[in-house]
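*Asks:* Take these sequences, add in the hints, and give me the full structure.
Each protein sequence line maps, in turn, to chains A and B.
Just so you know, we're using numbering that gives the first Met the number 0 here: the first sequence kicks off at 0 and counts up by one.
Just so you know, we're using numbering that gives the first Met the number 0 here: the second sequence kicks off at 0 and counts up by one.
What the hints contain is simulated information worked out from the structure, not anything from laboratory work.
Hints may contain errors.
As the list claims (entries may be wrong) - Simulated pairs of lysine to aspartate or glutamate, DMTMM-like, Cα-Cα distance not exceeding 25 Å:
#1 A:Lys150 with A:Asp126
#2 A:Lys150 with B:Asp43
#3 B:Lys96 with B:Asp123
#4 B:Lys60 with B:Asp81
#5 B:Lys30 with A:Asp225
#6 B:Lys77 with A:Glu151
#7 A:Lys292 with A:Asp307
#8 B:Lys30 with A:Glu151
#9 B:Lys202 with B:Asp81
#10 A:Lys150 with B:Glu126
#11 B:Lys60 with B:Glu97
#12 B:Lys96 with A:Asp115
Treat the numbers as computed from the prediction; the structure is a model and nothing was measured.
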Amino acid sequence: MKRNSRCAWRLAGALVALLAFLPGYADAVPAFARQTGENCVSCHVSFPELTAFGRYFKLTGYTLGERESVPLAMMGQVGMTHAASQFDNSGNEVVPRNNALRMQQASLFVAGKINDYVGGFVQMSYDGEAHHTAADNIDLRAVGRTRLAGKELIFGATLHNNPTVQDVWNSTPAFGFPWFTSAYAVGSPVSTLIDGGLEQATAGIGGYAYWNKSLYGELTFYRTSDGILSALRAGNAVLSNPGNSRTTLKGLNPYWRLAYNHDWGDHSLMVGTYGMQVRIFDDPLDQTSPIKKYTDTALDFQYQYITDVHTVTAQGTWIHEKQGFDEGLLGDSTDPATLGAGVPYNASNTLNTAKAKLTYFYRRMYGATLGIFSTTGSADAGLVNIQDANGNVLSNVPNTKGYILDLQYVPVQNLRLHLQYTGFTQFNGNGTNIDGNGRNAKDNNALFLGAWFSY
Amino acid sequence: MMIKSAYWVVATLAILAAAPVLADDTIRLEKMVDRLCSACHGQDGNSISTNFPKLAGLSAKYTEEQLRSFRDRTRADKDAVDAMWGWARSLTDQDIKEIAAYYAAQKRAPGDPGPEQLMNKGRDIYEHGMSDKGLPACALCHGPQGEGKEDAPRLAGQHARYLTRQLKVFRSTERPAAVAMHAIVTPLTDGDIDSLAVYLQSK
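*Replies:* In structure tokens, the structure reads:
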């Protein structure tokens with residue numbers, strides 16, 4: 000048995016033993032739960048999906064409750080991936096670590112209130128594959144409360160390092176489904192910038208207001224996380240690209256968010272819109288280099304029905320991205336060597352992502368989620384060029400579609416077990432022969448068995 | 000005349016000096032309600048979600064008793080453990096008094112009516128009890144309209160799901176202070192409980 004698998008087994012076993020000896024469920028909880036004295040289900044449908052109270056807790060700057068003397072929490076994710084087809088038809092490995100139990104991620108949180116007006120969380124994560132620790136999601140807030148037209152108005156400022164990490168509905172990318180998935184299985188080959196493209200690579204400074212638990216508005220500006228803000232990206236983008244240790248944005252790049260929320264009985268419904276416009280220097284070390292421009296505009300919704308017995312939740316989002324590339328960034332379409340090299344031929348492309356999921360939980364212990372995803376985009380042979388053995392072009396589009404079925408079991412509130420299946424019906428434009436060498440979209444399917452624990 | 004004027008001047012100055020203190024107390028209570036209670040129970044005590052009971056119109060004495068039982072952890076039903084032990088742990092006696100008085104002064108909004116057959120059955124049990132099972136009328140303690148008395152909480156307009164949960168909790172020992180209710184619920188079937196809850200929600 001290889002060293003890393005042995006470690007994973009030992010760690011998993013130690014954690015199970017630790018959980019068995021933890022005191023009663025009202026006491027054995029992570030940092031925010033310790034601060035409030037509440038059980039996890041007060042704030043979470045199932046972590047990290049938030050209930051109405053959880054959204055309120057986040058919007059009030061994580062300041063409810065009593066400050067903990069040691070505001071620490073930890074979490075770990077262990078899993079095993081079984082790919083439908085680990086190798087392609089040429090014998091190249093597509094899915095590493097197949098059928099191996101792996102520690103995918105371990106995180107340490109410093110989280111909670113500083114006083115009644117300031118709070119936040121700082122997550123540092125260890126990547127079990129890269130064997131490297133770096134800053135993960137960070138969200139720091141200063142908040143206030145008042146009354147407007149007799150109704151409560153919450154307002155605040157946020158400093159964070161990942162667009163939409165500050166959002167409180169689980170329809171936006173940072174805390175959207177899937178929250179836990181294989182680190183090794185094939186994923187979608189392309190995504191919009193707002194959908195994880197700037198995570199831990201930027202500094203967002205913004206303000207928001209939430210009136211009468213119904214109207215939410217936010218304006219945030221993203222900039223390069225340099226100087227004093229470089230702590231927000233500490234440890235990131237170093238191993239993978241040691242020459243370029245940051246993403247350099249041009250100036251301040253706006254993000255907006257509007258949402259309307261309505262609660263009735265045990266139901267809640269949110270409809271909203273969000274988006275951002277970002278300009279990125281091609282060379283992060285040269286602010287005279289050509290610029291890549293992204294304009295993302297999105298619609299989203301969330302529905303929740305939460306009771307002590309039955310819980311049903313649904314989220315969905317549609318993101319439209321317009322990409323613009325300065326002339327110096329375009330590939331030479333007359334040079335066959337540039338086909339599919341990842342450098343665009345078009346000065347302008349579009350990318351559209353649609354995602355949705357539906358979850359049912361019974362007594363917050365037994366759950367099932369069905370998710371669907373779809374990304375479609377412009378035809379650009381510089382970015383995507385799939386040809387068969389005879390040189391016939393099979394695809395120039397990144398279109399990828401699929402589904403996720405996720406079964407969950409929560410034996411104790413600190414531990415959630417997953418049995419998850421991800422299936423592709425289309426990959427890079429086709430359902431069959433997606434690589435020109437006979438691999439089909441369903442060959443990228445994977446079964447994942449995972450455990451997510453926290454304390 | 001001068002003495003009278005002086006009196007008014009002194010009185011005015013006294014009021015002005017007291018105003019920040021009074022304002023501070025009002026603001027302090029408002030902040031405490033906003034921070035601790037309103038997210039679940041509503042600013043006016045008429046919670047939207049049936050996961051959280053309405054507090055509006057409950058007698059201050061009853062609310063004080065419940066808050067102390069959450070703080071002391073003597074009330075141990077699932078709602079209490081999951082949601083209230085944490086919030087109540089840091090409440091002082093003065094906080095409890097003020098919160099209870101605040102919600103006692105709020106006006107209870109009626110809930111939605113349910114199926115007529117269920118409501119009729121619930122009304123009958125509430126107003127007349129079940130003599131064949133030795134069950135006294137609920138109205139004797141909780142008032143003819145479910146408006147409550149000092150020792151028995153207001154039930155009118157309360158979420159049916161919450162009433163159902165608590166009536167079933169009384170079959171256990173998780174609410175030891177509710178001694179009277181332990182015996183009372185014994186003859187009630189689940190169907191009786193549902194009909195009572197639906198009737199009382201509509202009041």
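*Asks:* It remains to establish, for every hint, whether it holds in the given structure.
*Replies:* We went through each hint and held it up to the structure:
1. A:Lys150 with A:Asp126: Roughly 45 Å separates the two Cα atoms, so the pair is violated.
2. A:Lys150 with B:Asp43: 10 Å, holds
3. B:Lys96 with B:Asp123: 36 Å, violated
4. B:Lys60 with B:Asp81: 23 Å, holds
5. B:Lys30 with A:Asp225: 38 Å, violated
6. B:Lys77 with A:Glu151: 29 Å, violated
7. A:Lys292 with A:Asp307: 47 Å, violated
8. B:Lys30 with A:Glu151: Satisfied, since the Cα-Cα distance of roughly 11 Å is no more than 25 Å.
9. B:Lys202 with B:Asp81: 28 Å, violated
10. A:Lys150 with B:Glu126: Since the Cα atoms of Lys150 (chain A) and Glu126 (chain B) sit roughly 38 Å apart, the hinted pair is violated (cutoff 25 Å).
11. B:Lys60 with B:Glu97: The given pair, whose Cα atoms are some 11 Å apart, holds under the 25 Å limit.
12. B:Lys96 with A:Asp115: OK: Lys96 (chain B) and Asp115 (chain A) at ~22 Å, within 25 Å.
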